[in-house]
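Take these sequences, add in the hints, and give me the full structure.
Here's the letter readout for the chains.
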Amino acid sequence: MATSDEIMEALADFKEQCNGNKRLRRMQRDWTKVLHYAAVDTGDKFTMTVREGEILSNEKGAAGTPDVIIEGESETLCNMFWGDINPTQMYLKGEIKVKGTQEDIMRIDAITAIIWPEV
Amino acid sequence: MTVVDDILAEKDFEKIRKETETNYREYLNPFALRMFKNAGLDVIEGRREGACVWDISGEKYIDCVTGAGIFNAGRHNREITDALKKALDVYDMGGWISIIRERGLLAKKLAQITPGNLKYSIFCCGGGEAVEVAIKLARGHTGKTEIICMENGYHGVTGFALPATGREVYKKPFAPLTPGYIHVPFNDLDAVKSAITKDTAAVLLEPVQGEGGIRPADDSYLAGLRKLCTENEILLIFDEVQTGFGRTGKMFCAEHSGVTPDIMVLAKSMSGGLYPISCAVFTEEISDFLYSHPFIIINSFGGTSLACLTALATIEYIEKNNLPERAVQMGKRFMEGLLALKKNFPELVVDVRGKGLMLGIEFPEDSIGPRMACLLKKNGVISIYTFNNPKIIRIMPSLVITEEEVDFVIDAFDKSLKEIRAQEAGRNMKGAGK
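Sequences listed follow chains A and B, in order. In this text, residue positions in the first sequence follow the working numbering: the first is 1412, and each later residue adds one. In this text, residue positions in the second sequence follow the working numbering: the first is 175, and each later residue adds one.
None of these hints come from the bench; they were simulated from the model.
Okay, the calculated bits of chain B under chain A, using three or more residues with CB under 8 Å as the criterion:
#1 210 to 224
#2 543 to 551
#3 585 to 598
Using N, Cα and C, we set each Cβ at its ideal position, and we do this for glycine too.
Right, here's the structure in full:
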């Protein structure tokens, strides 16, 4: 089980890696979304705001109207943001649930594929 | 030894897999490879026969995708292959600025087998190109510009066809697109009525939406469209790329409703998955446009000698083996099995529907379609969700599928649904134990 602060730490690292990657920013420049992450085991929620491929903020709690909702165990979410697991594989095993479009799921996978190609 | 001899002689499947994946990663489309691998759909096609395909490692699968309806006559159909081999011994493709005997013979055959007064053909290579031809004919013939298309429809991704495809994700990165396309809800006659203006040239739709989630149009809706189009001097275009050549239990899906469009678009199974060809078939009245513009719609590789002979052999095979009737029989067997699954898995199967061997299973949420595709492959079946609606898994096997193979597919669905049920139960238990 991961604490809320641990997930925020992982999200901060994820943001730094995404925003610092020029290739990724170019690829995702038409992606503007509000994403909610929900840890089903702890009940913690987080909001990520992305504008034109740049992660503007990560906040605790569910703020605004989400375009995508991702649910999973806290440990799974944490591992996903640290790049320790492949989110699509988790999705296909039913370990994470994504409420959103198939394109958004592919975008999230594309981000991890660029940052952590070996995952 | 030629390069082809070398390639075909290689039997070390581990070497082939590594080489192919490297080439995809380095020279084709790395992210597509990743998606295939993530989904467990990284089958590298080796042997292909009947309703089946074998991975290069020798693993056998029943192919329920068939390239969205390319292989109605079966994978690597030997009779059609022999016809193509014979054609290759005699001809090359033929010049496009030449008169080609085989092109005329195929056009005549299509005039004979397509419904009503459809008569003239223009040939191209792919479905999207044939849709483009249909739209050009509609605009050229009527002198009007607007095309009414359907939400969630799929008509390909090329120039004039892309704006007709009813999903933004395909179009957004390529804007600005050709203007003049209006999208309305499918199966809603009033929506079409409301969209008609003095500039409407045509109404374009698939009689069964394929990528939109295997959604058949109601017969009364098609009849209503026909009446509406005739009254308003608007052309009716049926995109039968996926539904044509026996797939839905008739040679062409239009025959179910008795509605004849003014233009019918054909591709996919037209030449048995052995040589590319597609076409738009249209009425004599529309052909008048070609009198003043005989070379305005041209295609270097459309309707080559080889493609036309292969298509003639394919049509002969479909007719001789009465594949439309086979689609009815096997479709009925599938439907019985699928309805039983719906009864046994009410929380997972929302709907089963389709015509003939163009079937779809709808799940309650998007994630289940991709997860099912992954599990079905593990259970010996290649299937995939529809591109415009991931809640639906398509079942579009070759029409030569046997009763035993149908039962195998149903059994694979049963096993896969049980696994999804177990995954969901495990997840719910974890959630409850927090």
